[in-house]
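Heads up: the protein sequence lines correspond to chains B and H, in order.
Each residue of the first sequence is one higher than the one before, counting from 0 in numbering that gives the first Met the number 0.
Each residue of the second sequence is one higher than the one before, counting from 0 in numbering that gives the first Met the number 0.
Any given hint could be a false lead.
Identical copies go unnamed one by one, so any copy, or any two together, can satisfy a pair.
[To be verified] Dumping the calculated DSSO-like pairs for lysine-lysine here, alpha-carbon to alpha-carbon at most 27 Å:
1. Lys-214 / Lys-122
2. Lys-343 / Lys-358
3. Lys-214 / Lys-243
4. Lys-214 / Lys-255
Hints were generated in silico from the structure; no laboratory data involved.
There are 2 protein chains.
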Amino acid sequence: MNHKKEEVLSWIDHAKQEGTILLQQFVREPSTQMNEAGIQSLVAKKLDSLGFSVDVWEPGGEELTKHQAFISPRESFTGSPNVVGVKKGNGNGRSLVLNGHVDVVPEGDPRDWDMDPYSGEVKDGRVYGRGATDMKGGNVAMLLAIESLVRCKIELDGDLVFHSVIEEESGGAGTLAAILKGYTADAALIPEPTNMKIFPKQQGSMWFRLLVKGKAAHGGTRYAGVCAIEKAAFVLKEIRKLEKNRNDRINDPLYKDIPIPIPINVGVIEGGDWPSSVVDLVKIEGRYGISPEESVEQAQAEFETYLRLLSEKDEWFKDHPIEIEWFGARWLPGAVHEEHGLLKSLKKEFEYVTGRQAKVEASPWGTDGGLLTNIGHTPSVVFGPGVTQMAHFSNEYIEVDRVLECAKVIALTIMDWCNQPKED
Amino acid sequence: MNHKKEEVLSWIDHAKQEGTILLQQFVREPSTQMNEAGIQSLVAKKLDSLGFSVDVWEPGGEELTKHQAFISPRESFTGSPNVVGVKKGNGNGRSLVLNGHVDVVPEGDPRDWDMDPYSGEVKDGRVYGRGATDMKGGNVAMLLAIESLVRCKIELDGDLVFHSVIEEESGGAGTLAAILKGYTADAALIPEPTNMKIFPKQQGSMWFRLLVKGKAAHGGTRYAGVCAIEKAAFVLKEIRKLEKNRNDRINDPLYKDIPIPIPINVGVIEGGDWPSSVVDLVKIEGRYGISPEESVEQAQAEFETYLRLLSEKDEWFKDHPIEIEWFGARWLPGAVHEEHGLLKSLKKEFEYVTGRQAKVEASPWGTDGGLLTNIGHTPSVVFGPGVTQMAHFSNEYIEVDRVLECAKVIALTIMDWCNQPKED
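If we strip away everything but chain B, and leave its shape as in the complex, we get (with noise of 0.2 Å):
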């Protein structure tokens, strides 16, 4: 078997120039919401040639849009196809589906970036561009994981299950509309960005927006109105000690090294249309962390209340009271007990792979995992190569070794829970 398996670490050694290309092709196309049919062509592609039977299809229909957890801030999925692979084991064998998201956040302010945000440039062994650590560098180290047993010729006794989904990066449509089509599995592994930490608990989040009301007034003699802005601030800071107030009970060991476990972001501010009036109006969007531990209806409720009584701190809101609205982008929080098949499997070839042990954590963001876990039936856990701190940032990028590696690890681990015999 350790023969088998140096086969499959030497094959993907020798695959690093093939990877950094494939990776390189994935991060040129520029697949924000909308424009993701480019990069799931190649996807398609790839999965056809190592034998895969390729399902593409543009998500839709009232099972999809009507489902309790189906959330999107878009009407139509036309020209925005997800791709799954099937490839079918011996039989008997535990399946996995093999979960990456091709959609990008967009890339911010153009002057942030040293280079074209699509560039794909390789330097000192990276590859940068928007996406390239969250998460194209993750299923490119999938699709070599792959390729490796396959021309490795090794043999699995359970299926393979490959999602290539859109719509991660606003709520996990994507997913939800391939476990409504049935591709669940035994088990999931979704390569996004953890440093090569293995997340089995992952945190769930969703967007809000608020409206915050001031009283317009000629800007000279602005102590006659009410600056929306002003009270946006106060809000934006009574908001920090909500978060605070939420950390402070989380006591999961998985979480010790994060600085806040589930934060609450605030992404958007917008207000006022003119520079001599006193603004009346501010809009604020952001995204509200939401630990395993708790239901996104006590999670929602404890933001309303919150909000509900600053009226206590300041008079202004009883008459004014902040609107809130929950909007377009949700993901479950998910969690895999400790004593996991496929968490066991992930542990023991990383040492093998790498020689270190292996980092548990749990996952500072939502992933398509809390879909999976407790809509799909598919425990779900979280390892890639990318790195948190490059995902949604300019000048982001991958180290091309990290890809290896995790592949490495992830074809292993392949190898390890595929050939174990399903249980009952």
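Model the placement of chain H on the given structure of chain B, informed by the hints.
Positioned in the frame of chain B, the structure of chain H alone reads:
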């Protein structure tokens, strides 16, 4: 003489219905920037009917656009005419500019209005709508005053020069164009909303734009980024301190009843484009008040230095300095000395009409009076029927009785001023 005065006042009393209808017509023209042609055609027709020779032109040309006092957010004034009407006196009397702007600020959030913002609805003796108080009510007061003199066949020695200008709300390019065309006089009266107080001094102001930098990150690990909104909130707090410093220096008794003589108003905030990302750039736009006792350059330098020194309070700004740009609009401050003849006429006639002592203050906002006084050598006094607290507000309105009262004071002031011999 008093007999003539009483005849004029009585004519105005009987013109209430006519004045109300004219004001409604004005308000129903939604004369935001670029949309001034409709109301200007009404004004031109009215001036023509009162025996003025009327000049209608679209401002432009290098003499205007290269002038050191020129400032405007737009490239061209096509479709936005200025109107000036001149009525020659019998000779040797003092001439008077009557200056009013027809542009209005945008109506803001329509949900804050109880009616269509351009309805011109009459209720409880008030005309409602954007621009009613700032300053279409003032314009109607001037036109009623002139009409009363015409109808009562009052002879004037000095010339009347009626400015119906565009662009006051964004820096005075309309009035500057009128000045450069030679439409100046021995003094000017501007019925901006002073709530029937007399303002011989006007605050200047200019627009600024700040760019405050943060550092992007994934919202799930927001501690790895730097939130530009939080930095902007700090900057806004510091701006309040600068505002206090600047206002603490003002000891002119004309400002004693004004809570903030030269405010710094923030009217626009914008940052971020994704709820799950840490915001890396916030744009702030606002209006910076300038005292009649300081130069524009001094005032600018104080703000710029203050922002630069924020790096001593927060190291972040050392490597990420706040960018400042002065853009769009600027109103020069203006002052007329205490013994000016127009000021005396106005006070005297105010007391004659109302039986109350005139209240003299400094204006909390800029007007085109700064340009008329400093560039047009036409000392300007501001006195009008509107209420500052209504200007730029939702549900803006003006009291019809105030418009009539103001028309009376203006009519008698014209009779007094224009029939005094020119000073050498």
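Violated constraints from the hint list, given by number and in increasing order: none
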